[in-house]
Every structure is written in structure tokens, then in C-alpha cells.
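Asks: Spelled out from the first residue to the last, the chains are:
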Amino acid sequence: GDSVTQTEGQVTVSESKSLIINCTYSATSIAYPNLFWYVRYPGEGLQLLLKVITAGQKGSSRGFEATYNKETTSFHLQKASVQESDSAVYYCALRGGMLSGSFNKLTFGAGTRLAVCP
Amino acid sequence: EAAVTQSPRNKVAVTGGKVTLSCNQTNNHNNMYWYRQDTGHGLRLIHYSYGAGSTEKGDIPDGYKASRPSQENFSLILELATPSQTSVYFCASGDPTSYEQYFGPGTRLTVL
Numbered sequence: 006g007d008s009v010t011q012t013e014g015q016v017t018v019s020e021s022k023s024l025i026i027n028c029t030y031s032a033t034s035i036a037y038p039n040l041f042w043y044v045r046y047p048g049e050g051l052q053l054l055l056k057v058i059t060a061g062q063k064g065s066s067r068g069f070e071a072t073y074n075k076e077t078t079s080f081h082l083q084k085a086s087v088q089e090s091d092s093a094v095y096y097c098a099l100r101g102g103m104l105s106g107s108f109n110k111l112t113f114g115a116g117t118r119l120a121v122c123p
Numbered sequence: 170e171a172a173v174t175q176s177p178r179n180k181v182a183v184t185g186g187k188v189t190l191s192c193n194q195t196n197n198h199n200n201m202y203w204y205r206q207d208t209g210h211g212l213r214l215i216h217y218s219y220g221a222g223s224t225e226k227g228d229i230p231d232g233y234k235a236s237r238p239s240q241e242n243f244s245l246i247l248e249l250a251t252p253s254q255t256s257v258y259f260c261a262s263g264d265p266t267s268y269e270q271y272f273g274p275g276t277r278l279t280v281l
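First to last, the protein sequences are chains A and B. If you're matching positions, the first sequence starts at 6 in the working numbering and goes up one per residue. If you're matching positions, the second sequence starts at 170 in the working numbering and goes up one per residue.
Treat the hints as calculated values from the structure; they're not laboratory data. Incorrect hints may have been included.
[Claimed, not checked] Quick look at which bits of chain A chain B covers, simulated, 3 or more residues with Cβ under 8 Å: (1) 53 to 67; (2) 111 to 122.
[To be verified] Sample of chain A residues facing chain B (criterion: CB under 8 Å; computed from the structure): (3) 9; (4) 48; (5) 100.
Being a predicted model, the structure only gives us computed values, none of them experimental. Where is the CB? At the ideal position from N, CA and C, for every residue including glycine.
Just need the whole structure built from these sequences, with the hints factored in.
Replies: Have a look at this one:
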């Protein structure tokens, strides 16, 4: 089946420093899945941060960006300068195809908690 | 005006008891989903629905039932709760045109 692997556990970064959260995927239900980054702030539900539906393209939002690399099957999340308000849990996800068993099903990574220190 | 709401936000249940988690959406989306989130795992799909009256099994449906009485409401039912069902549960509604899903704030369920 489809799977997503991302940087495990917690990442701690000092404010104004750069960030990268790794994400790699394996998609058996579809050749080129749609890729997403979701973010969950404390006490809130997940919300879409960015998405890329075409291989080779880059998505960006709120200073974050991620490039869909079909050769390395990766979709790493990057930000040049983080702020304390970026502290949250980040989830990489893919949308599989009909063979995944449920159309529009999302397969999620385990989540990476980002702690930004002042 | 949150578009996806869940109730209760926190629940403590006893083993063998019945638990119902409720979800309401104002997005007018046909698709709705129930996930659970456990440490070390991504969100895992329990049940989903294509519209009022439909429910489908997701990846981990055992021990759960679902009900979709209307476009707006989607419930998750644990008939005989077990400690292994202690988790955080998320409901979502889905926009089939953009493939985005919109999540509720989650329900933390503890089964003692």
C-alpha cells in the first residue's frame, strides 16, 4: 500500500534559523500521487499548509515551501527563517488513487513536532 | 465559525461501555472521514462516507461503526470500548474537486 515516512519525533530550532523536515513516500496505488503538508497548532485540528499535485512543481505558503521530487520520491518541507509561532506538529500526506481502496483517501506520515526556541 | 466541529472534545469511558463521537460540518462536502491518531503513527482512516446514508470501511474499521444520517453529521460509534481504543480521533470533510480535507479539532478518548 501507500506509505509516508517523515522526520521522526521532535525538531528543535532557534528562532530565525532555517528548518527542514524530511518526507519520503511510496505510492503503489498511483504513479504520481498528490502531496500535502498539513499543520496542527495546539488545541486545533489539522489545516492544510500547502499542496502540490504535479510532479516537479513547488508549493509555498506562509514562508514554507516544498518541492515534489519524483526521482527521489521526496517532498521535504523547508523554511528559511522560523518564528516561535511556527511551533506545531507537521504532517506529510499523499492522496492515493482508486487502487488505494478509497478515492480521496489521504495517507499520513507520523507527524513531526517543531519547537522553535526564542 | 469553525466549519468542522466535534463533540465531545474529551471523553473518559469504561471498558465495555458504548461511546459515540459526533462530527458536524458546514462545508456542504459530500465526503466525510474519521481518523485516529496515535503516537508514532500517522492519522489512520477508520471509516468514511460519500454522503448521507453511506458509510465505508477504512483501513482500521474493526471495533468501530459509523453513521451518516445527514450531509452535515457523521458519527463514530464504539459499541464495546476497549483500552486499545484510547486515542485522539479526528473528523474531516473533503472537497472532491481540490482533494483537500478540512479537519475538526479532535476528540481525546480515554478508555479505562
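Asks: Give a verdict on every hint.
Replies: Results for each hint:
1. Note: the segment 53 to 67 of chain A has 3 residues with beta-carbon separation from chain B under 8 Å; the three-residue rule is met and the coverage holds.
2. Counting residues of the segment 111 to 122 of chain A whose beta carbon lies closer than 8 Å to any beta carbon of chain B gives 6, which reaches the threshold of three, so the coverage claim holds.
3. Checking residue 9 of chain A against chain B by beta carbon gives a least distance of about 6 Å; that is within 8 Å, so the hint holds.
4. Checking residue 48 of chain A against chain B by beta carbon gives a least distance of about 7 Å; that is within 8 Å, so the hint holds.
5. Because the smallest distance between the Cβ of residue 100 of chain A and any Cβ of chain B comes to about 5 Å, under 8 Å, the interface hint for this residue holds.
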